[in-house]
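Student: Sequence:
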Amino acid sequence: MIHSASSSSASRSNAASATAAGTVSKGPLKAGDQVHIDKAALLRAGLQQVPEIRPEVVDRARALAADPAYPSAGIIAKISAAIVNSPDLTEDQP
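For what it's worth, the numbering used here labels the leading residue of the sequence shown as 301, then goes sequentially.
Think of the hints as simulated: they come from the structure by calculation, not from any bench.
Only a predicted model underlies this, so the values are computations on that prediction, with no experimental measurement involved.
Here are the simulated distance ranges between beta carbons:
| no. | residue 1 | residue 2 | range |
| --- | --- | --- | --- |
| 1 | I379 | V357 | 15 to 25 Å |
| 2 | D333 | P368 | 48 to 58 Å |
| 3 | D333 | K378 | 32 to 42 Å |
| 4 | I376 | A341 | 39 to 49 Å |
| 5 | E391 | A345 | 41 to 51 Å |
| 6 | Q393 | A369 | 32 to 42 Å |
| 7 | A373 | I337 | 46 to 56 Å |
| 8 | G346 | D392 | 32 to 42 Å |
| 9 | V384 | I337 | 39 to 49 Å |
| 10 | A381 | A341 | 37 to 47 Å |
| 11 | A345 | I383 | 36 to 46 Å |
Subject to a maximum C-alpha distance of 20 Å in a straight line, what follows is the list of computed SDA-like cross-link-like pairs (lysine to any residue):
| no. | residue 1 | residue 2 |
| --- | --- | --- |
| 12 | K339 | Q349 |
| 13 | K339 | V350 |
| 14 | K378 | P368 |
Ideal Cβ positions, reconstructed from N, Cα and C, are used throughout, including at glycine.
With the sequences and hints as input, model every part of the structure.
Tutor: So, in structure tokens, the structure goes:
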């Protein structure tokens with residue numbers, strides 16, 4: 301069992317535990333509360349096979365950067381609206 305850093309008994313009773321099936325649970329197991337480590341390992345293996353630099357993506361970026369019509373006026377308008385309508389996170393700071 302992996303114990304929490306907190307010293308409260310409630311925290312200890314909800315400490316994460318790993319099972320032999322490769323799942324990690326916090327408290328009683330529920331249907332959606334399982335992490336399958338074997339799937340994470342497959343994802344890591346797949347990511348290791350993808351090159352860090354993909355030439356076709358670099359070529360596409362260069363073509364877009366050289367295109368004077370990119371981004372279009374519609375894309376700029378949508379981005380501008382998203383910026384204007386986004387919350388000001390500095391108002392939340394004390």
